[in-house]
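Number of protein chains: 6
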Amino acid sequence: MALTEQCMIKLQSISTATINAVLFKRGLRNTYIRGVHLINPSAKRMIGPAFTLRYIPAREDLDHLEAFEHLGHPQRAAVEGCPAGAVFVIDAREDATAPSAGCILLTRLMKRGCAGVVTDGGFRDTPAIATLNFPAYHSRPAAPTSLVRHHAVDMNVPIGCGGVPVFPSDIIVGDAEGVVVIPRAISPGVVAEAYEQAQFEAFVQKKVEDGQSVLGLYPPSAATREAYERWRAGAPN
Amino acid sequence: MALTEQCMIKLQSISTATINAVLFKRGLRNTYIRGVHLINPSAKRMIGPAFTLRYIPAREDLDHLEAFEHLGHPQRAAVEGCPAGAVFVIDAREDATAPSAGCILLTRLMKRGCAGVVTDGGFRDTPAIATLNFPAYHSRPAAPTSLVRHHAVDMNVPIGCGGVPVFPSDIIVGDAEGVVVIPRAISPGVVAEAYEQAQFEAFVQKKVEDGQSVLGLYPPSAATREAYERWRAGAPN
Amino acid sequence: MALTEQCMIKLQSISTATINAVLFKRGLRNTYIRGVHLINPSAKRMIGPAFTLRYIPAREDLDHLEAFEHLGHPQRAAVEGCPAGAVFVIDAREDATAPSAGCILLTRLMKRGCAGVVTDGGFRDTPAIATLNFPAYHSRPAAPTSLVRHHAVDMNVPIGCGGVPVFPSDIIVGDAEGVVVIPRAISPGVVAEAYEQAQFEAFVQKKVEDGQSVLGLYPPSAATREAYERWRAGAPN
Amino acid sequence: MALTEQCMIKLQSISTATINAVLFKRGLRNTYIRGVHLINPSAKRMIGPAFTLRYIPAREDLDHLEAFEHLGHPQRAAVEGCPAGAVFVIDAREDATAPSAGCILLTRLMKRGCAGVVTDGGFRDTPAIATLNFPAYHSRPAAPTSLVRHHAVDMNVPIGCGGVPVFPSDIIVGDAEGVVVIPRAISPGVVAEAYEQAQFEAFVQKKVEDGQSVLGLYPPSAATREAYERWRAGAPN
Amino acid sequence: MALTEQCMIKLQSISTATINAVLFKRGLRNTYIRGVHLINPSAKRMIGPAFTLRYIPAREDLDHLEAFEHLGHPQRAAVEGCPAGAVFVIDAREDATAPSAGCILLTRLMKRGCAGVVTDGGFRDTPAIATLNFPAYHSRPAAPTSLVRHHAVDMNVPIGCGGVPVFPSDIIVGDAEGVVVIPRAISPGVVAEAYEQAQFEAFVQKKVEDGQSVLGLYPPSAATREAYERWRAGAPN
Amino acid sequence: MALTEQCMIKLQSISTATINAVLFKRGLRNTYIRGVHLINPSAKRMIGPAFTLRYIPAREDLDHLEAFEHLGHPQRAAVEGCPAGAVFVIDAREDATAPSAGCILLTRLMKRGCAGVVTDGGFRDTPAIATLNFPAYHSRPAAPTSLVRHHAVDMNVPIGCGGVPVFPSDIIVGDAEGVVVIPRAISPGVVAEAYEQAQFEAFVQKKVEDGQSVLGLYPPSAATREAYERWRAGAPN
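Protein chains in written order, with our numbering: chain A, 1 to 237; chain B, 238 to 474; chain C, 475 to 711; chain D, 712 to 948; chain E, 949 to 1185; chain F, 1186 to 1422.
Read the hints as simulated data drawn from the structure, not as lab findings. One thing to keep in mind: the hints can contain errors.
For lysine-lysine, the following BS3-like pairs were computed, each having C-alpha atoms within a straight-line distance of at most 30 Å [said to hold, decoys possible]:
{"id": "1", "chain 1": "B", "residue 1": "Lys281", "chain 2": "D", "residue 2": "Lys917"}
{"id": "2", "chain 1": "A", "residue 1": "Lys25", "chain 2": "D", "residue 2": "Lys736"}
{"id": "3", "chain 1": "D", "residue 1": "Lys822", "chain 2": "C", "residue 2": "Lys680"}
{"id": "4", "chain 1": "C", "residue 1": "Lys499", "chain 2": "F", "residue 2": "Lys1210"}
{"id": "5", "chain 1": "D", "residue 1": "Lys917", "chain 2": "B", "residue 2": "Lys348"}
{"id": "6", "chain 1": "E", "residue 1": "Lys973", "chain 2": "E", "residue 2": "Lys958"}
{"id": "7", "chain 1": "E", "residue 1": "Lys992", "chain 2": "E", "residue 2": "Lys973"}
{"id": "8", "chain 1": "A", "residue 1": "Lys25", "chain 2": "A", "residue 2": "Lys10"}
{"id": "9", "chain 1": "B", "residue 1": "Lys348", "chain 2": "B", "residue 2": "Lys247"}
{"id": "10", "chain 1": "A", "residue 1": "Lys44", "chain 2": "A", "residue 2": "Lys25"}
{"id": "11", "chain 1": "B", "residue 1": "Lys262", "chain 2": "B", "residue 2": "Lys281"}
{"id": "12", "chain 1": "B", "residue 1": "Lys348", "chain 2": "B", "residue 2": "Lys281"}
{"id": "13", "chain 1": "C", "residue 1": "Lys585", "chain 2": "B", "residue 2": "Lys443"}
{"id": "14", "chain 1": "E", "residue 1": "Lys1059", "chain 2": "F", "residue 2": "Lys1391"}
{"id": "15", "chain 1": "C", "residue 1": "Lys585", "chain 2": "C", "residue 2": "Lys484"}
{"id": "16", "chain 1": "E", "residue 1": "Lys1059", "chain 2": "E", "residue 2": "Lys958"}
{"id": "17", "chain 1": "B", "residue 1": "Lys247", "chain 2": "B", "residue 2": "Lys281"}
{"id": "18", "chain 1": "E", "residue 1": "Lys992", "chain 2": "E", "residue 2": "Lys958"}
{"id": "19", "chain 1": "A", "residue 1": "Lys206", "chain 2": "F", "residue 2": "Lys1296"}
{"id": "20", "chain 1": "F", "residue 1": "Lys1229", "chain 2": "A", "residue 2": "Lys206"}
{"id": "21", "chain 1": "B", "residue 1": "Lys443", "chain 2": "C", "residue 2": "Lys518"}
{"id": "22", "chain 1": "E", "residue 1": "Lys1154", "chain 2": "A", "residue 2": "Lys44"}
{"id": "23", "chain 1": "C", "residue 1": "Lys484", "chain 2": "C", "residue 2": "Lys518"}
{"id": "24", "chain 1": "D", "residue 1": "Lys917", "chain 2": "D", "residue 2": "Lys755"}
{"id": "25", "chain 1": "E", "residue 1": "Lys1154", "chain 2": "A", "residue 2": "Lys111"}
{"id": "26", "chain 1": "E", "residue 1": "Lys973", "chain 2": "B", "residue 2": "Lys262"}
{"id": "27", "chain 1": "F", "residue 1": "Lys1391", "chain 2": "E", "residue 2": "Lys992"}
{"id": "28", "chain 1": "D", "residue 1": "Lys755", "chain 2": "C", "residue 2": "Lys680"}
{"id": "29", "chain 1": "A", "residue 1": "Lys10", "chain 2": "A", "residue 2": "Lys44"}
Using the sequences and the hints, build the whole thing.
As structure tokens, this is what we get:
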């Protein structure tokens, strides 16, 4: 299930916006998780296959503090079950009135080697999370106890997160702008194409910085394509 | 899993608001499905155990019109699998930008003997649904094709519907005001207590119509309680 | 504090939209309560001075069912203190996740001779309220117990309702479209002017029904004004 | 620019939901105007080419009551310029805090032979509009003066209405469920296909009412297709 | 009404999330002000009893610029009346379309020795406020004149702020995550318990950083409790 | 169409909040673009006349990637047509589910000498935009392809942006708090008055920092006015 090393290297330098544009070319219009942002901008980039946790609304007779004492509690089991290298993705129904998790669980995910965490709800302890070298995406701080609102129900099933479908093992990539979901089956092709697209956008950006008009450049005329090919041939592969 | 006949009879006359108040007395504050209303007010009252269907956001490469041709498609399978007497409850993530179902599927549920249907999204064909003798609750009409937004993923799992947790077999009751969810295990006691509460509220309503002040009446003083007991003793049990 | 009989008679036939337009001419842009509608369209028209009740968010240690047993509980005291002829206006912070009141309290207000009730939240027991001959405006049904969300704090103070300032004794008028608030001090002049405006609009409506263009009619040219004056002279005053 | 008579006849009986499904088959996912409903359910069906009016936010120094006195005021000019048979479509930026129009202007449109009116904002005078035999769609009543919020800027340009692009002359169809926009160029083909689709849905609905399972029926198996063709052959064309 | 010095010292180091969790254990589920954040992260921590100001919607004939010239204007009077050490809490109905206050008034509160300010609306002059050593929480910048939207009506009454009930003298604590409200009567006990809870969370965090699983640790097994007690005994009290 | 040099110099030091207050004195209540913030706080201040671009919702058959290849595509034409010194203002219907533009187009605007850019939607490539010395205001990052949601339809027409009317050549000023729109015709007078108002506010701020009460100071008593005049006389003009 791991990404190839080459894919991982390329994904270090491709923006999520560019990946998203390539997914759009393949007919996928809804691949960018809405409403989330990165808490800790100095953390490493987030890349990895999705491991999911699903919440439903809480019920007072089930969701009291003692519930966590059960060793099989799905939230705790998911944190301890998420594989190294994976991105932990939480379906919190875009509800940030109570936290999806806090600093202790995120530290545990980091220590277990996970690649990052995304919820379409919110986290508590955000000032502490901001200091972790572990990419964490959420919508806004959520300090009340999670049990007020969330009941963990199952893990590693298909979920929605921020309006986007996430299937276990889909490739999740997060940068300073946001988080994109690449369907597993097409991820090698998408990464390859996005890498080429990123080279082209770098070429265009440079030309624009040099004063060129966007007409005939972006999208490219035949002459621009040719100029790009020459530039690309001299660029590192 | 069926409700007793006595429960069914009592539930015909208790308002969802009264049931909800009884659930609140037991510490349950979140049992009323938010944002839904009845499309067809002349339909019979909706009472039955929950049978659930879960949607996640659609993905264009999975959710095209041919998808429905697969006989095991979860939406179609759920419609044909929902037991007679059950209420079909859909988790559509409160998204009514595409329909959860339309008149054909609702007619099929009706013909199969189901007790009603609730989605926290919307239905298409609402003018036709309004003429069915089959209670249907939703948020607002949703005419676009369901595949634009919804991917049916599994059935009869715990879900959220309108912000409320719904576990398979929970008792769902709907009247002209809305829909309440009674956790399965406590449903006999809740129905019994709500029936008594409904008698008391009927007594209070009559007294108020006769011109009595609410002070000392609602909530009742000792004298009011006594008067009620006498009135109740003369009322049908 | 009562309105003159002539004002009351005129207000029976002026639409809230017309009153609102007259208030706009006097520089008042925010006089129409947003987000509310009439539950019982067959009820009489709602006209009367405002009597207010203010809610703040509930707190679990204060807002339990026993709280109502205190005879001075502000919600119950307000219901028993609202004068005959007055409109009961509730500031529920536009929160309809729990009811502002239910059928019993509204029946009591009706029996005490109040002119109607408005909340910017919601009521419970709406199917029963729909049968009362007592105008009730709210945003949407709200079946959970009010104590889940609302703590009654004081009465007959200035409040906001649906984004509009309401001072005690302001004149509240409700029709099938909605509810307008007329500042007390200017209400006689506003009613007089709105009555004239309503006559003019009736004249224009008739002309348009007869096939006339709106150009030169609405707003009126000098010739139209003259024609209107003649028409108005023949109409009942 | 007129629709053929045959198109008009077919459109009398096809639901907007079915038209929308046919547009989806052609790759158009966003053709249903969101957030609007029919004020007057007894009005005739709304069918006609779009004539548009565009509002931007109001500015107090431009939008005072005298502004309407200018004969070329775009709102008044548009009402008098909308051709008979056309549907008047207003871009109000989904803002219903002030009206897009009121009963007088809608009556004028009706008298001029227009086919109906849609705004993604709201109308004032809705109780009166509800009695017109003229289909009017909006989001919610809006009683304040339109000048508080809307500045009419131009007419018959491409607009957005309820999140949907509307180009002048696009075909607008409204039924009791809502309003669909058919791009002009493809409208004959879409109507023809939707009519066939409606026949098939009627066949399916009848089979389901007779007790047939949806599996193999909807979508149809080869046997179902054959049965449908036989049924269709016997049905009026 | 002042907090004990020991309470003040402890509150310097306890996160609002931890305080909130302790309030939840006592049945209080709604104590975290929603939708607000800290403008000036380098300011000192905000701790103090609440002093409140209540706004209702503005009315043009009351809320013109001259209104502020009245020396008893409630907004100005409240600013000059808020005691040293208190937190100034504003009920702005979560409306940030006009400011609750600006840099001048906040500077005055700072100079008068107040402990901080919270509104559930917005402030103007946020770039300047960001440089004050005075904690200020709001939802978003709000540059228009406050009189466009807010009418100051009374001070030091119970209010709602960000969906939370705030009674005068309740203890308000703000950190980089947000603001929690501790009911006055229970504040000493809550602070004491929260301080202990913070020690335990620090112990857990350290263990997780050392690589320990959360199972058996958080919540703690008997062995973990014992280890914690030993650790706690060696920690500063 | 250019601003005078003196205006430009004054606008460098007047806050948008102060300009807005002066516009309010002239009866303009809606001049502050709602929901936008500055992406790159270290960029120079944004001042210039508006050049507008209008989007409507996208339609799949018109808005595919090839559309940009047409040299007259309105988005590209607008970027190449915006005059040096102007502020590029986009009406994106407050929809940030797809970008209004990205880093390449913003770099081109910067290179062409434009003064800045505002959209009421969102941009893609925000991490790169944050490094440009070119003020850019939006609501939130928007990584999907713009064609998913936006169809560029015309340029330099009156538009709405963040709820505010923007006419071509209106003066747009942006600082770290937000963006204000000054109607062209009154801009010299507004700038002059705002500059004086800013001096007065600086005086008040200083007095408050020195410990003076706001009573009699803000708004000023006669004595304060006199003190201000003396202070102002000694201040640079």
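Here is how each hint holds up against the structure:
For the suggested pair lysine 281 of chain B and lysine 917 of chain D, the alpha carbons sit about 22 Å apart, so the restraint of at most 30 Å is met. For the given pair, lysine 25 of chain A sits about 19 Å from lysine 736 of chain D by alpha-carbon distance, which is consistent with the 30 Å threshold. A hinted pair counts as satisfied when its Cα atoms are at most 30 Å apart, and lysine 822 of chain D with lysine 680 of chain C qualifies at roughly 12 Å. Taking the CA atoms of lysine 499 of chain C and lysine 1210 of chain F, the gap is near 19 Å; set against the 30 Å cutoff, the hint holds.
Distance check on the hinted pair: lysine 917 of chain D and lysine 348 of chain B sit about 12 Å apart at the alpha-carbon level, within 30 Å; holds. Between lysine 973 of chain E and lysine 958 of chain E the alpha-carbon distance is near 19 Å, which keeps this suggested pair within the 30 Å criterion. The straight-line distance between the Cα atoms of lysine 992 of chain E and lysine 973 of chain E is roughly 28 Å, inside the 30 Å bound, and the hint therefore holds. The suggested pairing of lysine 25 of chain A with lysine 10 of chain A holds, with an alpha-carbon distance near 19 Å, which does not exceed 30 Å.
Between lysine 348 of chain B and lysine 247 of chain B the CA atoms are separated by roughly 25 Å; this keeps the pair inside 30 Å, and the hint holds. Taken as a hint, the lysine 44 of chain A and lysine 25 of chain A pair is honoured in the structure, with Cα atoms around 28 Å apart against an allowance of 30 Å. As the CA atoms of lysine 262 of chain B and lysine 281 of chain B are separated by approximately 28 Å, the hinted pair is consistent with the 30 Å bound. Restraint check: the Cα-Cα separation between lysine 348 of chain B and lysine 281 of chain B comes to about 14 Å, which is no more than 30 Å; the hinted pair holds.
Proximity of lysine 585 of chain C to lysine 443 of chain B is assessed by CA-CA distance (about 12 Å); at most 30 Å being required, the pair is judged to hold. Distance hint between lysine 1059 of chain E and lysine 1391 of chain F is fulfilled; the C-alpha atoms sit about 12 Å from each other, no more than 30 Å. Restraint check: the Cα-Cα separation between lysine 585 of chain C and lysine 484 of chain C comes to about 25 Å, which is no more than 30 Å; the hinted pair holds. Straight-line distance between C-alpha atoms of lysine 1059 of chain E and lysine 958 of chain E comes to about 25 Å, which keeps the hinted pair within the 30 Å bound.
Our distance criterion of 30 Å between C-alpha atoms is met by lysine 247 of chain B and lysine 281 of chain B, whose separation comes to about 14 Å. With a C-alpha separation of about 15 Å, the suggested pairing of lysine 992 of chain E with lysine 958 of chain E holds against the 30 Å cut-off. At roughly 12 Å between alpha-carbon atoms, lysine 206 of chain A and lysine 1296 of chain F fall within 30 Å of each other, so this suggested pair holds. Of the pairs offered as hints, the one joining lysine 1229 of chain F and lysine 206 of chain A holds, with about 22 Å between alpha carbons and a cut-off of 30 Å not exceeded.
Among the hinted pairs, lysine 443 of chain B with lysine 518 of chain C is consistent with the structure: their alpha-carbon atoms are about 22 Å apart, no more than 30 Å. Using a Cα cut-off of 30 Å, the hinted pair lysine 1154 of chain E and lysine 44 of chain A holds, with the two alpha carbons roughly 22 Å apart. Of the supplied pair hints, the one linking lysine 484 of chain C and lysine 518 of chain C holds, its CA atoms being roughly 14 Å apart against a limit of 30 Å. A threshold of 30 Å between alpha carbons decides the hint, and for lysine 917 of chain D with lysine 755 of chain D the separation of about 26 Å falls inside it, so the pair holds.
Taking the CA atoms of lysine 1154 of chain E and lysine 111 of chain A, the gap is about 12 Å. The hint holds against a cut of 30 Å. Under the criterion of a C-alpha separation no larger than 30 Å, the hint pairing lysine 973 of chain E with lysine 262 of chain B is consistent with the structure, at around 19 Å. The hinted pair formed by lysine 1391 of chain F and lysine 992 of chain E meets the criterion: a straight-line CA distance of about 22 Å does not exceed 30 Å. Of the pairs offered as hints, the one joining lysine 755 of chain D and lysine 680 of chain C holds, with about 22 Å between alpha carbons and a cut-off of 30 Å not exceeded.
Distance hint between lysine 10 of chain A and lysine 44 of chain A is fulfilled; the C-alpha atoms sit about 15 Å from each other, no more than 30 Å.
Hint violations for this structure: none, all hints satisfied.
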